[in-house]
Amino acid sequence: MSTKVPGDLTNLQSAASSRGRRFATALKGLYAKPASAFGTTIFMVFVLLAVIGPLIAPYGENQIIATEAKQPPSTSHWFGTDNLGRDIFSRVVLGARDILALSGLGTLLAVIIGIFLGLISGYRGGWFDETIMRFFDSLLALPALLLALVLLGILGPSNNSVLIVIVVVYTPIVARVVRSVALGVKTKGFVEVARLQGESLTWILTREILPSVLPALTVEAALRFSYAIFLVASLGFLGVGVQPPNPNWGLMVSEARSNVNQTPWAMVFPAAAISIVVIGVNLMADGLKRVFQAPVNV
Amino acid sequence: MSPGKRKAPILNIKNLTVAYRQGDEWLDAAREVSFCIQAGETYGLVGESGSGKTTLVLAIMRYLGANGSVRQGVIELDGQDLCTLSESEMRQIWGRKINLVPQNPQSALNPSIRVGEQLAETLRYHQKVDPAVARRQVVGLLEMVHIADPEQIAQSYPHQISGGMQQRVMIAMALSTEPRLLILDEPTTSLDVTTQSVILDLVRELIHGRQTAALYVTHNLGVVAQVCDRVAVLYAGDLVEDASTKDLYRKPLHPYTRGLLDSVPRLGETKNQVQLRGITGQIPPLGERPTGCVFRPRCPLVIEVCYQRPALYELTDKRRARCHRWEEIQRGEANAQQSSPEVIKTEPINTKENQEVLKLVDMKVYFPLRHSLGELVRRRKPRFVRAVDGVELKIRHGQTLGLVGESGSGKTTIARSVMGLVEKTAGDIELLSIPLPQKLSDRDLETLRHLQMIFQNPEDALNPYLTVGGSLSRPLITMMGKSGIEVDEDVAKLLVRVQLPAGYARRLPEQLSGGEKQRIAIARAFASNPDVLIADEPVSSLDVSVQASILNLLNQLQIDHGSSLLFISHNLAVVGYLADRIAVIYLGQLMEVADADVLFEVPYHPYTEALLSAIPLADPYAEQTQIRLEGEIPSAIQKPSGCPFHTRCPRFLGEICVNKTPPWRLDEETGKQYFCHIPVSELRQSQERVFTFKYSHPK
Numbered sequence: 001m002s003t004k005v006p007g008d009l010t011n012l013q014s015a016a017s018s019r020g021r022r023f024a025t026a027l028k029g030l031y032a033k034p035a036s037a038f039g040t041t042i043f044m045v046f047v048l049l050a051v052i053g054p055l056i057a058p059y060g061e062n063q064i065i066a067t068e069a070k071q072p073p074s075t076s077h078w079f080g081t082d083n084l085g086r087d088i089f090s091r092v093v094l095g096a097r098d099i100l101a102l103s104g105l106g107t108l109l110a111v112i113i114g115i116f117l118g119l120i121s122g123y124r125g126g127w128f129d130e131t132i133m134r135f136f137d138s139l140l141a142l143p144a145l146l147l148a149l150v151l152l153g154i155l156g157p158s159n160n161s162v163l164i165v166i167v168v169v170y171t172p173i174v175a176r177v178v179r180s181v182a183l184g185v186k187t188k189g190f191v192e193v194a195r196l197q198g199e200s201l202t203w204i205l206t207r208e209i210l211p212s213v214l215p216a217l218t219v220e221a222a223l224r225f226s227y228a229i230f231l232v233a234s235l236g237f238l239g240v241g242v243q244p245p246n247p248n249w250g251l252m253v254s255e256a257r258s259n260v261n262q263t264p265w266a267m268v269f270p271a272a273a274i275s276i277v278v279i280g281v282n283l284m285a286d287g288l289k290r291v292f293q294a295p296v297n298v
Numbered sequence: 001m002s003p004g005k006r007k008a009p010i011l012n013i014k015n016l017t018v019a020y021r022q023g024d025e026w027l028d029a030a031r032e033v034s035f036c037i038q039a040g041e042t043y044g045l046v047g048e049s050g051s052g053k054t055t056l057v058l059a060i061m062r063y064l065g066a067n068g069s070v071r072q073g074v075i076e077l078d079g080q081d082l083c084t085l086s087e088s089e090m091r092q093i094w095g096r097k098i099n100l101v102p103q104n105p106q107s108a109l110n111p112s113i114r115v116g117e118q119l120a121e122t123l124r125y126h127q128k129v130d131p132a133v134a135r136r137q138v139v140g141l142l143e144m145v146h147i148a149d150p151e152q153i154a155q156s157y158p159h160q161i162s163g164g165m166q167q168r169v170m171i172a173m174a175l176s177t178e179p180r181l182l183i184l185d186e187p188t189t190s191l192d193v194t195t196q197s198v199i200l201d202l203v204r205e206l207i208h209g210r211q212t213a214a215l216y217v218t219h220n221l222g223v224v225a226q227v228c229d230r231v232a233v234l235y236a237g238d239l240v241e242d243a244s245t246k247d248l249y250r251k252p253l254h255p256y257t258r259g260l261l262d263s264v265p266r267l268g269e270t271k272n273q274v275q276l277r278g279i280t281g282q283i284p285p286l287g288e289r290p291t292g293c294v295f296r297p298r299c300p301l302v303i304e305v306c307y308q309r310p311a312l313y314e315l316t317d318k319r320r321a322r323c324h325r326w327e328e329i330q331r332g333e334a335n336a337q338q339s340s341p342e343v344i345k346t347e348p349i350n351t352k353e354n355q356e357v358l359k360l361v362d363m364k365v366y367f368p369l370r371h372s373l374g375e376l377v378r379r380r381k382p383r384f385v386r387a388v389d390g391v392e393l394k395i396r397h398g399q400t401l402g403l404v405g406e407s408g409s410g411k412t413t414i415a416r417s418v419m420g421l422v423e424k425t426a427g428d429i430e431l432l433s434i435p436l437p438q439k440l441s442d443r444d445l446e447t448l449r450h451l452q453m454i455f456q457n458p459e460d461a462l463n464p465y466l467t468v469g470g471s472l473s474r475p476l477i478t479m480m481g482k483s484g485i486e487v488d489e490d491v492a493k494l495l496v497r498v499q500l501p502a503g504y505a506r507r508l509p510e511q512l513s514g515g516e517k518q519r520i521a522i523a524r525a526f527a528s529n530p531d532v533l534i535a536d537e538p539v540s541s542l543d544v545s546v547q548a549s550i551l552n553l554l555n556q557l558q559i560d561h562g563s564s565l566l567f568i569s570h571n572l573a574v575v576g577y578l579a580d581r582i583a584v585i586y587l588g589q590l591m592e593v594a595d596a597d598v599l600f601e602v603p604y605h606p607y608t609e610a611l612l613s614a615i616p617l618a619d620p621y622a623e624q625t626q627i628r629l630e631g632e633i634p635s636a637i638q639k640p641s642g643c644p645f646h647t648r649c650p651r652f653l654g655e656i657c658v659n660k661t662p663p664w665r666l667d668e669e670t671g672k673q674y675f676c677h678i679p680v681s682e683l684r685q686s687q688e689r690v691f692t693f694k695y696s697h698p699k
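If you read the protein sequences in the order shown, they are chains A and B. Going by my numbering, 165 is the number at position 165 of the first sequence; the sequence numbering is gapless. Going by my numbering, 325 is the number at position 325 of the second sequence; the sequence numbering is gapless.
Hints listed in this document are in silico derivations from the structure and should not be mistaken for laboratory results. Backbone N, C-alpha and C fix where the C-beta goes; we use that ideal spot for every residue, glycine too. Since no wrong hints were added, every one of them can be taken at face value.
For lysine-lysine, the following DSS-like pairs were computed, each having C-alpha atoms within a straight-line distance of at most 27 Å:
# : chain 1 : residue 1 : chain 2 : residue 2
1 : B       : K439      : A       : K186
2 : A       : K186      : B       : K517
3 : B       : K364      : A       : K186
4 : B       : K251      : B       : K14
5 : B       : K660      : B       : K394
6 : B       : K14       : B       : K318
Simulated restraints, written as ranges between beta carbons of each label pair:
#  : chain 1 : residue 1 : chain 2 : residue 2 : range
7  : A       : E130      : B       : D362      : 26 to 36 Å
8  : B       : D428      : A       : G125      : 25 to 35 Å
9  : A       : R22       : B       : G79       : 47 to 57 Å
10 : B       : P437      : A       : T187      : 17 to 27 Å
11 : A       : L139      : B       : D560      : 54 to 64 Å
12 : A       : E130      : B       : G374      : 18 to 28 Å
13 : B       : E121      : A       : T202      : 50 to 60 Å
If you want a taste of the chain A side facing chain B, the calculated C-beta under 7 Å gives, among others:
#  : residue
14 : K188
15 : G189
16 : F190
17 : L196
18 : Q197
19 : G198
20 : E199
Just need the whole structure built from these sequences, with the hints factored in.
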C-alpha cells in the first residue's frame, strides 16, 4: 500500500491486533497438550541458549586447558572435556547459536523463496508453473544428503555453502506446499472478486492468498527447520560442511569419534543436543499442525 | 385389528429434549418436543438450518454422537421406547423397522458394489431370503420405483446412474423391508426440480398404499405442501406449530410460520405486486437461545408476556401452537406494531425504451475435452462440452433479467464468461454498446467498474483475513480512486445501505452470519456503482427467512443505483419475483424469453410448461397440471440434434424436432419469444395455465 491513509491504518491495526491474537492462541494451543508443550519448551530453551550462550558458558569455545584434557563430567566441567582440553559444556552451549542461526536462516530463505515461487506457480499456472515444478521435481528426486554433498563438492565447504545447500534442498518442498494451498484458494469467491475489482497481482498474492497459506506454511517451516538442523549437523559430521574448530555439534561428534573409548562424553553430549533439539522442534511442529488443523503431507 | 381402525400411533414422541455437550455444559438442541405419526401418514418436519430437525432425526435413529444425549422424554416405536434399547436390540430395528432415505444418495450407496447387489444384500440380511430369490426380488423393487430397465440398473455401479435414479434406488431399499417408520431426510434437496417432482410423486404413491409412517424432513415449504398430511414447524429446537397441512397453510397461527410463508415468493408473484416480508434477525445459535419464547427477538407480535416461555397450546382440530397470542392471531386481531422497514421507496424505472447496457450475441462457450491416448492415435476430432451454445441476451438500463435453468444448463458459465473469468469460444459481448474484451487482463478499470458480480456462496466471498471495512474499502481505493477519510465515510455509507451497523467495519467474516456476509458481498459489488451487476444464485445458500430480506435489498439497491441486474437462479419463483424479463435456458440454449408477468401465462415453451408444473407449490389447495419429464438431462458433450429438448419433450412432434433446429417464434399478444417448431396458435390452443392458487396469500 503506497499511501498511509486513515482507512488503511485502521484496517492494518485491526489486522495486526488479530495477528497478535492468533499468535497468542497458537501458543496457548501448543501448551494445551503435554507433548507439544514439552517440544515448545525445549525449542525455547535452545533459542535462549543461542542468544545468551556467551553469558552462560564458563569457557570459550576454543579455549584449550591442556592440563584438564580428557576429564569426565564433574562440577568444574559439567560435560567433561575433550582430548584437547576444551570444555564440552561451553562448546555445546556456544554451538547452539551457530547451528540454530545457520539452519534458521537457511529455512527462512527457503521459506521466502518458496512462498514467492509457490504463490506465482499456483496462481498463474501455465508454462511457468510447469517449468518450475518439473525442475523442483527433479531436485526432489535426489536424496537431500546426496544433493548436499554434490553441491558442497562444487561450492567448497563453508558456512555460506551450507546455507545455499539448505535453501536449495528445502525451497522446492516449501514451494510445493504453498502452491497446493494457493491452487485451492485461487478459485474461491473472494479472489475472483479481487480480480474483478482490478486488484494488482501483488495485492492478490500477498493479501488475498498468502494469509490462507500461512497456517500450513507455519507447520511446514517448523518441520523444515528441524530437518535443517539435522542436515547442518550431518554435514558437519561428514566433514564437508562447517570446518573445525567451529563448535558445530555434528563436527564435535565426528571429532570425538576417534577417542570414543577414552572420552565418550565428548561424543554423547553434542549428539544428545542434536537429538533433543530435533525432537523438540518436531513435537512443536506436530503441535502447530494440530493448532492450525491443517494436515500437511511431508 | 384391521389396519384402518388402528389407533395407536407408530411413532410417538413425548416431551423429548435432546442436548449436546459443549465443554461442561449441556445445550438443548431440541426442547420438549412431542408429536406422533399414524400408520399411512406422512408427517412433515419443517425448519431452517439450526432448527433442530437433524437432531431429532438422529435421536429417533439413536445415531446421536458421543456428545449428544436424550435428556428427557420418550421415543416410542409401536409402543416400545427406543431410548431404553441396547445397541444389539437397535440392530433388530435399524433397517427392519426404521429406514432412512438420506439427503445425498451418492454417499449412502457403496461406490464399489453394483446397485442390485446392494439391494439384494438388504433383503438377504433382513428377510433371510436366499440369494437367487433376493435377486429376483430386486428387479421387482426397482420396478416398484418406476425404473424403466431394472435389469440394467441392477447391474450398474452407483456412479453410472444419475442422482434421481440413485435416490429411487435408496427409496426402493428403504421400503424393501416394509419398515414401520420411514424417515426421509431432505431426499430431493440435491436434485433438480424436474427430477424432484418425479421423486415426490413416487414418495406420495408408495407411502399411501402402506401401513408405514413417514417422517419427511425438509426446509422446503413447497415440498411439504405437496407430500405431507401433517406438518410440524421447528424453530431453534422448539416445536412451534403442529397442524394438518391444509390448516397450516390456510391459517398459520404461529408468527414464525406466518413469517416463513411470507418469506417465499409464490410462483408468479412479482415485486410490483407484493412485497416480501422476511423475518428480521437470524436463528440464535445453540447456547444463545433467548429466555421466554425462543422466537421473541425476531417476532413482530412480541408483547410483555412473551418473556415467559409459552406452553404448546392444544387447540381445536388437533392443532397445537407454542404462542401466547394464538387466539388473537386466529381471530385476526394481532397485528404487528410497526411495518417492516424494508419498503421500496423509489418508483421502478421504465425499462422498455431504455438503452441496452449488456448484449450477448450468439455467445458460445465450449470446453475442450482432453484427448485420451487412443483418441490421439486414431486422430479423432476433438470433443467439446458445449456449455453455452449460441445464446442471445439483451439487458436494458435499469432492467432485471432473470436467467433460469436446471443444473448444467450453462447459466453460471454465461455469467463467468461475461465477467471474463472463463473464455468464450465465439460470439460478442457488448457493454454499453462497446465490445467487451474477452480477457479480464485486457479490461481497463473503467470497464471493471461498470461490471460487477455477486457470487453464490457467501462463505467464500469474503477474505477471511480481511476485516469487513478492509474488504469494502478495496473497490473504493482501486476502482474509485478514493483515499483518506473519504474511504471510511464511504464504507460507513455502504454498511448503512445494506442495513448493517457501522461497527461491522471492524469485524472479521467469521463473526458474521451467512446473510450478513452476503450483505457485505452485495455492498462491495455496489461500491463501484456498476451499470451491470450479475448475481449468480445469490440467495440459494441462505435460509428462507433471510432470503426475502436479501432479495428486497438487491431490488432496492438496484433501483437506487439505476443498475441493471442479470439475476441467475434455478428457482423460478425467486426469479419471477425479482425479474422484469426472464430467459429460460436448457442445455446451453435459450428456450423462451418473456416479460416476467407473462411468462406464467399461456403459451409456454414445452420445457417451461414442464418446469412450471414440476415446482412444488407452497399451497396444498393449489391446482397444478401434472407434466413429468422422462429420462435425464442429456450430456452437453453429445447434445441432441435439432431441438435440444426433443429427447424429453412431452409435445414431441416427430422427425422435424430431431432433424431441424427450431425457429424462434413470437407471440404477438404477450410479446413472448420461444424456440420451438410448434406455432403460436397451436400451442395456445393446446395449453392451459399450468397452476392456479386457490386462496390469496395470507399476507
